[in-house]
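*Asks:* Let the hints inform the model, and build the full structure from the sequences given.
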Amino acid sequence: MNREKVVFSFFMILALTLNFGFFAGEVDNPSHHNVYELFAVIVVNLIATVLKFGDRSQMGAMLLATSLVALVQLFSAALVWAYVVNIQGEVMTAGTMSTIISLSGGAMIANFISVILLIIETSMMRH
Amino acid sequence: MSLVTSLIMRQMRVPIIILIMGYSISILGMVLASGVDDQGNPWHMSFFDAFYFVSYTATTIGFGEIPYTLSNEQRTWALITIYLTVIAWFYSLGKIVSLVQDPMFREALKANQFSQQLARIPDTFILICGFGETGHALAKALTERNIHTVVIEENDKLIQTLPLEDFPLVIPGIRGDARDPEKLIQAGLQDKKCAAIIAVTASDETNLKIAVTSKLLHPEICVVCRSEIEEYESNMFSFGTDFVVNPFETFADIFGMAMHSPSLHLLYDWLTGVPNTDLTNPIYVEEGHWVICGFGRFGHDLYKQLLKSNVQVTIIDPSEKKREEFLGRPENKNNDFIIGTGFDAHTLTVAGVTKAVGLISGTDNDSNNLSIIMTARELNPDLFIVARHNKKSNEKLFEATHANIIMQPSEIIARKIRTLLVSPLMIAFLNKARNQNPSWANITISRIMGALGESVPSIWTLHVNGDEARALCQVLRLGRVIRVGNLLQNPRQRENQLEAVPLMLKRNQKLLLMPTNDIAIKSGDQILFCGTPGALRSMQWSQNDIHSLNYIMTYEDTHDSFIWRKIHQLIKQSDRRNRPRRKRHIMK
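Line by line, the protein sequences are chains B and P.
In this text, residue positions in the first sequence follow the working numbering: the first is 1, and each later residue adds one.
In this text, residue positions in the second sequence follow the working numbering: the first is 1001, and each later residue adds one.
Hints were generated in silico from the structure; no laboratory data involved.
Check the hints yourself; a few may be wrong.
Unchecked claim - Estimated spans, in silico, between C-beta atoms of each pair: (1) P:S1203 x B:A61: 37 to 47 Å; (2) B:N29 x P:P1042: 22 to 32 Å; (3) B:S57 x P:I1087: 32 to 42 Å; (4) P:T1060 x B:V72: 40 to 50 Å.
Glycine is no exception: its CB is placed at the ideal position from the N, C-alpha and C atoms.
*Replies:* Structure representation (C-alpha cells):
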C-alpha cells in the first residue's frame, strides 16, 4: 500500500463527497445549504489541487486541470456569497442561493471527473 | 511542464498544504468563536470577516480588532492564529529559500536556461566541444561572422566566464563531459539546427569519442576534430570524420609554404587571418644550416619540410633512441643528431648555431623554448627563429623574444577550422594557388592590396541561387547577361568600384582562379570574394534587391508601386514626344 496514494485519493474523494453534501437539497432554499460545508469544500479542494502539483504525466495534467476548474467554480460561488451578504449587506435570497448552488454543481462535475480519472488510473496499474 | 516548474511545484506541495491548513483552521476558529458587537449583542464573524482578519494577522500587518473589539474567546483563537500562520509562513519561505540554494535545482535551472537559449537560435548553429584557447578563438571568430555557436565544456570556470564576455551573439554554454552521449544530445547534437560539431578538447581520446558519437547519432552533420597523434587521426578518418586538423602538420605545411614561396605564404596569411587586423609582412626563410631543438612531433614535421630544400640540419634532442633511429635512416646521412637539451650554450655551439641561418625551438616546454631562444640569440643575433608556443599565458614572453615565426597550436587550429567552416571554397582556392607559378602569387597580392588597402580582408562566397541572390536569379532567368564586373559596381554610385576582388569561380565542379570581369555569371555558380565588410554589404544589395541590380545594369531607378510606375511611364512618354527627332542609330 502506498501512503501517498491513500492521502491523494482521500482528499480527492472527500472533495467530491463534501461538494455533493453542499450541493444536495433544494436549489433555492438557503436553509438546505450550509456555509461551513462550502468552506470545507474549498479547503479540501485547495489541498487536493496542491497535491497534484509537479506530476509530469498526462494523467497528472488532466487531474490538475479538473481540480483547477473545480476551484474556479467554488471561488466564484464563495465570491457571490461574500459579495451579496458582506459587501451589499443584504439577506440571502433564493435567487442568490440558486446561483451559488449551480456554481458548486459545476465544481461537483469537475470533482466527479477527477475521481473517475483516478479510478481509471488505478485500474490501469498492473502489479 | 518544464523540469524546473515541476521541481518547484513538487517541492512546494508540503509548504502550501501547511499554509492552507493553517489558514483554514484559523478562519474556522474565528468564525466559530462567539463575540459581542458594539451594542452588546452576541455576534459571530462571517467567513468574509474571518478571512480578512486572518489574512492581515498571518502576514504580520495587524490592523487590529476589526470590526468590533474581540471577546476573550475570539482573542484565544487570534493567539492560535498568530502562532499557527506565522510559523506556517516562515516554514514556507524557508523552504523556498532552501530550494533556490539547492544544487540540483540550480543545475535544473541552468539546463532550462540553456535549452531556452538553444531554442531561440533562429537558424543553424555549430556545436563546439571544449572551450579552451582553441574553442574560445573559434567561438569568437564564428560569432563575428554571424554564425551561432553552442559550447559544451567540462570545466565549470570556463563556462561561467561565457556570459561575462562580449561576444556578438549569445553563446549558450553547458557544463558537462563531452564524452557522455547524453550530454552531447542535451547540448543539441541531434537538433535539426545543428550543422557541424567541432571537437577541440585537449585530449585526442575525447575528440575521438565525440566524433564517433556524432557520426552515429547525427550522421549528416559535418564533424571537425583536433588531433595531435597520428593513430587517432587515422582512426577518426576511418569512420568518416569530415576534417581532422593536426596543429603540427598544419604548421609544417604553412612553414613549407613560407620556405618555398614567401608570397604564397603571405597570401595565405591574409586570406585566412582575422578580418580588419593589420596586414602582415612577408617572411623570407633562408636556405643554409638549420638547428632543430626537440625532435618530437613538431620538430619531426618541420624536419620533413626542411628536407625538401637545399638545407643542412642539425638536431638536438636528449633521447638516445631517437638518435639511433634517426641515424639509421639513409635519407638523413647529410644531417647530424646531437644528444642534449639545447638550452646550454655549449650544445648549441657544438651544433653550429654561430654559423647557422635558422633555429627551431620545438620542445613541448615553454620555459625550455624561451631559454633556447635567448641563448641562441646571444650566440648569433642574426638567426631566423621559429618558436613553438604551447601555453597561451606565455604569449607576452614569446612576443618579447621577437622570434620570426611563433607557432601557437590553438591559434593554428582555430584559423584552419574557421577557414574550413566559414569559407570552404578558400581551401580549394589555396590548394589550387599552390600549383601556380611564383609570380602568380605576387600579381594576386598586388591586386588585393590595390583594391583593398592595408587591412586583412573579409572573405565571402556568393552562391547564385534563389535563396542568397534573389534579384540576380530573377534577372538571369529573363535571359539577361550579368558579368562578374557588374557585381563589383557600387549599387549607390555605378561608376565607383566596390573594394572587393573575386578570387575564384566554381561552376559544375570546375574551379577558375581569379575570374576576369567579363565572365558571365550563370545560375548555380559560386564565387569566392575577398573585400572590405562595406563591399560585402553593398554586394548583398545588388544580389537581392532588384532595383539596385537594375540600376547597376541600366542606370535607371525603377519603381515598385503601381501608381509610381504609371506616373513614370507618363513622364517617359511625354519626354519622348517632346524630344527633337534624330536619325536612328543602326543597332548592332
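*Asks:* State for each hint whether it applies.
*Replies:* Hint check results:
1. Distance hint check for S1203 of chain P and A61 of chain B: the Cβ-Cβ separation is about 44 Å, which falls inside the suggested range of 37 to 47 Å.
2. The beta-carbon spacing between N29 of chain B and P1042 of chain P, approximately 25 Å, falls within the hinted interval of 22 to 32 Å.
3. Take S57 of chain B and I1087 of chain P: their Cβ atoms lie about 34 Å apart, and the range 32 to 42 Å holds.
4. T1060 of chain P and V72 of chain B have their C-beta atoms about 30 Å apart, which leaves the hinted 40 to 50 Å range violated.
Hint 4 alone, counting from the list given before, is not met by this structure.
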